[in-house]
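Asks: Chain residues, written in single-letter form:
2 protein chains.
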Amino acid sequence: MPIPSPPQGAMRGKMRGLLDMTSTLPATSGIDTTLSPARALVCRACSARYPLAAQHACYECFGPLEVDYDTAALAAVTREQIEAGPKNLWRYAALLPAGQDPATRVTLNPGLTPLVAAPHLAAELGITAPLWVKDDSANPTHSFKDRVVSVALTAARALGFTRFACASTGNLANSVAAHAARAGAPSVVFIPGDLEQGKVVTTAVYGGELVAIDGSYDDVNRLCGELVETDEFEDTAFVNVNVRPYYAEGSKTLGYEVAEQLGWRIPAQVVIPMASGELLTKIDRAFSELVEIGLVEAPAGGWKVFGAQSAGCNPIATALHSESDTITPVKPTGIAKSLNIGDPAAGLYALEAVRRTGGWMEYAADDEIRAGIRLLARTTGVFAETAGGVTVAVLRKLVESGRLEPTAETVVFNTGEGLKTIDAVAAQVGPTHRIKPSLRAARDAGLLG
Amino acid sequence: MPIPSPPQGAMRGKMRGLLDMTSTLPATSGIDTTLSPARALVCRACSARYPLAAQHACYECFGPLEVDYDTAALAAVTREQIEAGPKNLWRYAALLPAGQDPATRVTLNPGLTPLVAAPHLAAELGITAPLWVKDDSANPTHSFKDRVVSVALTAARALGFTRFACASTGNLANSVAAHAARAGAPSVVFIPGDLEQGKVVTTAVYGGELVAIDGSYDDVNRLCGELVETDEFEDTAFVNVNVRPYYAEGSKTLGYEVAEQLGWRIPAQVVIPMASGELLTKIDRAFSELVEIGLVEAPAGGWKVFGAQSAGCNPIATALHSESDTITPVKPTGIAKSLNIGDPAAGLYALEAVRRTGGWMEYAADDEIRAGIRLLARTTGVFAETAGGVTVAVLRKLVESGRLEPTAETVVFNTGEGLKTIDAVAAQVGPTHRIKPSLRAARDAGLLG
Numbered sequence: 001m002p003i004p005s006p007p008q009g010a011m012r013g014k015m016r017g018l019l020d021m022t023s024t025l026p027a028t029s030g031i032d033t034t035l036s037p038a039r040a041l042v043c044r045a046c047s048a049r050y051p052l053a054a055q056h057a058c059y060e061c062f063g064p065l066e067v068d069y070d071t072a073a074l075a076a077v078t079r080e081q082i083e084a085g086p087k088n089l090w091r092y093a094a095l096l097p098a099g100q101d102p103a104t105r106v107t108l109n110p111g112l113t114p115l116v117a118a119p120h121l122a123a124e125l126g127i128t129a130p131l132w133v134k135d136d137s138a139n140p141t142h143s144f145k146d147r148v149v150s151v152a153l154t155a156a157r158a159l160g161f162t163r164f165a166c167a168s169t170g171n172l173a174n175s176v177a178a179h180a181a182r183a184g185a186p187s188v189v190f191i192p193g194d195l196e197q198g199k200v201v202t203t204a205v206y207g208g209e210l211v212a213i214d215g216s217y218d219d220v221n222r223l224c225g226e227l228v229e230t231d232e233f234e235d236t237a238f239v240n241v242n243v244r245p246y247y248a249e250g251s252k253t254l255g256y257e258v259a260e261q262l263g264w265r266i267p268a269q270v271v272i273p274m275a276s277g278e279l280l281t282k283i284d285r286a287f288s289e290l291v292e293i294g295l296v297e298a299p300a301g302g303w304k305v306f307g308a309q310s311a312g313c314n315p316i317a318t319a320l321h322s323e324s325d326t327i328t329p330v331k332p333t334g335i336a337k338s339l340n341i342g343d344p345a346a347g348l349y350a351l352e353a354v355r356r357t358g359g360w361m362e363y364a365a366d367d368e369i370r371a372g373i374r375l376l377a378r379t380t381g382v383f384a385e386t387a388g389g390v391t392v393a394v395l396r397k398l399v400e401s402g403r404l405e406p407t408a409e410t411v412v413f414n415t416g417e418g419l420k421t422i423d424a425v426a427a428q429v430g431p432t433h434r435i436k437p438s439l440r441a442a443r444d445a446g447l448l449g
Numbered sequence: 001m002p003i004p005s006p007p008q009g010a011m012r013g014k015m016r017g018l019l020d021m022t023s024t025l026p027a028t029s030g031i032d033t034t035l036s037p038a039r040a041l042v043c044r045a046c047s048a049r050y051p052l053a054a055q056h057a058c059y060e061c062f063g064p065l066e067v068d069y070d071t072a073a074l075a076a077v078t079r080e081q082i083e084a085g086p087k088n089l090w091r092y093a094a095l096l097p098a099g100q101d102p103a104t105r106v107t108l109n110p111g112l113t114p115l116v117a118a119p120h121l122a123a124e125l126g127i128t129a130p131l132w133v134k135d136d137s138a139n140p141t142h143s144f145k146d147r148v149v150s151v152a153l154t155a156a157r158a159l160g161f162t163r164f165a166c167a168s169t170g171n172l173a174n175s176v177a178a179h180a181a182r183a184g185a186p187s188v189v190f191i192p193g194d195l196e197q198g199k200v201v202t203t204a205v206y207g208g209e210l211v212a213i214d215g216s217y218d219d220v221n222r223l224c225g226e227l228v229e230t231d232e233f234e235d236t237a238f239v240n241v242n243v244r245p246y247y248a249e250g251s252k253t254l255g256y257e258v259a260e261q262l263g264w265r266i267p268a269q270v271v272i273p274m275a276s277g278e279l280l281t282k283i284d285r286a287f288s289e290l291v292e293i294g295l296v297e298a299p300a301g302g303w304k305v306f307g308a309q310s311a312g313c314n315p316i317a318t319a320l321h322s323e324s325d326t327i328t329p330v331k332p333t334g335i336a337k338s339l340n341i342g343d344p345a346a347g348l349y350a351l352e353a354v355r356r357t358g359g360w361m362e363y364a365a366d367d368e369i370r371a372g373i374r375l376l377a378r379t380t381g382v383f384a385e386t387a388g389g390v391t392v393a394v395l396r397k398l399v400e401s402g403r404l405e406p407t408a409e410t411v412v413f414n415t416g417e418g419l420k421t422i423d424a425v426a427a428q429v430g431p432t433h434r435i436k437p438s439l440r441a442a443r444d445a446g447l448l449g
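As given, the protein sequences belong to chains C and G, one line each in that order.
Positions 1 to 449 (UniProt numbering) are the ones given, in order, by the first sequence.
Positions 1 to 449 (UniProt numbering) are the ones given, in order, by the second sequence.
Pulled out of the complex, with its shape left as it was, chain C reads as follows (with noise of 0.2 Å):
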């Protein structure tokens, strides 16, 4: 597997400038090793290893940290292990950096989500074989942020952090507020100024501070970035700036999940939303890392992995059509908003899950995304918000395309609740009929027959 390159330019300095941060923290580690298999943070692109701190950047190449494991230790944990715990993401606790204790967590308990057999959908679109919906919209506050800022708070908790925050583009926000009010902690959210008020209110609601920025989540992301380095936000974890390696853990849960609830298989194929494009290289990690286990077989096939796009924010699709290596930030624009990240941090990484996989990516315009939250609602009665019409309408074109085998397995993730994004089809549907409260009424309107 290729390695990819470091970021350059812009990222670079972005980076360095959190590096210098890293030294305002508790030189400690508070990860306690003898419960939690993390062993250390490991450079994604030169392998250099840090303890296992607050840090998110490499100091010798600013690549990307992520947690490494003692895998002997992960090798020792057995399905019946796993079934045997709660029912929710802490049932993975022995494969994740931190919350073995649960009196250690700082959490909303999400997870173990429903896979939504999805037979009409597969008729509409031409798919013979099973297809899944993993509907983390069931999440509790309806995203699969919550299971992301559970790994990444507890983590944060146990390396001293007292308050909470995020750069979020509307449910991070909302799940971040959330963890903190029910963990009575304080928390402080950055949000775009322009977002949908169903995510700004179900964040204000909770209590904490919620700071609206004018301008796009890249220039809240590196508002953010600033902020940290200051003596002020000394005590406060960013869940996906600071804290970010223990965070994106968090994300390969939904791979487990979805193996478990096969009965401890891997689907031929799988259709992920991207915005950073971290969850999907994190689902493609979750498979490796239970077949390197042995906690499933490897598939003979192997499987694919297909990455979904708006066409309003597709730099990472817009990459692999071009056969580029390179990421090309752009400007966000249209509905799906909770995928609005131009400066994807993982797109490179989601370049290399797809192509090694043998999967393809594509991107959906608005019309599209609006047609694709109906089409899964009608045919499944899971109501997505916009991420969940990107990754359906997708869905759809990779079947036409035939990039999609349509006799192989297939799970798509939806990863958001429709009622946060409800304009996006609230000038669509409506009701059918409108009548005076009478029989007379009914017959008139046609109702019956």
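Careful, some of the hints might be misleading.
It does not matter which identical chain is meant; a pair holds if it fits inside one copy or across any two.
Claimed, not checked - Computed list of lysine to any residue pairs in SDA-like fashion (alpha-carbon distance at most 20 Å, straight line):
hint: 1; residue 1: Lys-436; residue 2: Glu-226
hint: 2; residue 1: Lys-436; residue 2: Arg-39
hint: 3; residue 1: Lys-436; residue 2: Glu-209
hint: 4; residue 1: Lys-436; residue 2: Gly-342
hint: 5; residue 1: Lys-87; residue 2: Gly-263
hint: 6; residue 1: Lys-436; residue 2: Ala-300
hint: 7; residue 1: Lys-87; residue 2: Asn-109
hint: 8; residue 1: Lys-87; residue 2: Leu-262
hint: 9; residue 1: Lys-436; residue 2: Asp-194
hint: 10; residue 1: Lys-436; residue 2: Ala-259
hint: 11; residue 1: Lys-397; residue 2: Arg-39
hint: 12; residue 1: Lys-87; residue 2: Ala-103
hint: 13; residue 1: Lys-436; residue 2: Gly-449
hint: 14; residue 1: Lys-436; residue 2: Asp-219
hint: 15; residue 1: Lys-436; residue 2: Gly-193
hint: 16; residue 1: Lys-87; residue 2: Ile-293
hint: 17; residue 1: Lys-436; residue 2: Thr-230
hint: 18; residue 1: Lys-436; residue 2: Glu-229
hint: 19; residue 1: Lys-397; residue 2: Arg-370
hint: 20; residue 1: Lys-331; residue 2: Lys-436
hint: 21; residue 1: Lys-87; residue 2: Trp-264
Hints are computed from structural coordinates only; laboratory data are not their basis.
Fit chain G to the known structure of chain C by using the hints.
Replies: Positioned in the frame of chain C, the structure of chain G alone reads:
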């Protein structure tokens, strides 16, 4: 226990109409009594017995019917059997009227929702014993209605119905439309014309028929009572009309789950929102049943049942406060639309349960409801719809008035999701700061101390 009087006047006329209708339905019950513990429908008022068909009122006295069980079959159910079951309400299938065979279920697999410890809420209210929030917003369409709909539609399919319908204040509409979409069945849902947009869109998006009625919920309900008698609706199960006895049983799973989640114990006090009053009576009934069949020990001091209404629709609480045995219907007003049933079908039974157990009822004004939503969110990370705000506001009042014992374990029920009634708090919460994306702007806004 006194037997409530059968309904009088207009209610009696309405029921007679429904009785006529039953003759047009399939004559043979399809409930498989070799699997189901249900044996008959029995009148709650006069104890007359009927076969397991689509009938909901007594031919003798017009009283409402409920499902009667083979008590020996119920008593054979063990904790181990339940605990080994699926991670949803079907773990209690052996206690329900239908759905024992998984292939017969019409369901989104709701249930087993979180029982959330609420120490910060308890502290704010001066409650010193454990306080829990049973958070039914975690169900697939984010309200407790998924429970009753799953049981009703599974029974309806067994009884030969092929189209699914309801009269709804919103949550039920969402659930019936989503269940029908998952099952690939047609649906027709009737709602008052002034519902929250969140509930209209979340119903319409599933693609069934959605009929908005110029009138109140009670008008909608009356029209459905007429439609169900027509030839054109012979194939149609109205979950809360002609299959209501089965529907109501679904609510009992909330009581079963609370007991199981507490380690097979019944809490000393429960606070439950009331619309028709049915949910309250069924949770109380679930507790009684668990004791009767030996799955839990009767708690030393029994349990007290408390009911919560809004000031805009408080006919049951008003009857209690005025020591009356008659529910005087009201014309509902106020923001708690999911509770706005002015002529509550189970009101007398709710009164009976509250009086028998030594509980109480209160009601909350719109501003108190909004404050209740925010208090719950801020202290627990649970964002409730207005009905949950009602319940928390009433919890506060019950503590303040001394009706609820602050040293006794208490469970409050949140039956729905804040995202569906976002307008209730949208004007009150929002960003605490709005800045440009720069450190200087953050400093000027006071974010750096």
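Asks: Against this structure, judge whether each hint is valid.
Replies: Okay, the hints, checked on the actual structure:
no., hint, verdict
1, Lys-436 - Glu-226, "between (59 Å within a copy, 13 Å between copies)"
2, Lys-436 - Arg-39, "neither (68 Å within a copy, 40 Å between copies)"
3, Lys-436 - Glu-209, "between (46 Å within a copy, 16 Å between copies)"
4, Lys-436 - Gly-342, "between (50 Å within a copy, 19 Å between copies)"
5, Lys-87 - Gly-263, "both (16 Å within a copy, 15 Å between copies)"
6, Lys-436 - Ala-300, "neither (61 Å within a copy, 53 Å between copies)"
7, Lys-87 - Asn-109, "both (9 Å within a copy, 15 Å between copies)"
8, Lys-87 - Leu-262, "both (16 Å within a copy, 15 Å between copies)"
9, Lys-436 - Asp-194, "between (39 Å within a copy, 13 Å between copies)"
10, Lys-436 - Ala-259, "neither (51 Å within a copy, 44 Å between copies)"
11, Lys-397 - Arg-39, "neither (42 Å within a copy, 51 Å between copies)"
12, Lys-87 - Ala-103, "within (16 Å within a copy, 23 Å between copies)"
13, Lys-436 - Gly-449, "within (17 Å within a copy, 59 Å between copies)"
14, Lys-436 - Asp-219, "between (51 Å within a copy, 9 Å between copies)"
15, Lys-436 - Gly-193, "between (42 Å within a copy, 9 Å between copies)"
16, Lys-87 - Ile-293, "neither (22 Å within a copy, 27 Å between copies)"
17, Lys-436 - Thr-230, "between (62 Å within a copy, 18 Å between copies)"
18, Lys-436 - Glu-229, "between (62 Å within a copy, 18 Å between copies)"
19, Lys-397 - Arg-370, "within (14 Å within a copy, 44 Å between copies)"
20, Lys-331 - Lys-436, "between (49 Å within a copy, 17 Å between copies)"
21, Lys-87 - Trp-264, "both (16 Å within a copy, 17 Å between copies)"
Hints 2, 6, 10, 11, 16 from the earlier list are contradicted by this structure; the remaining hints agree with it.
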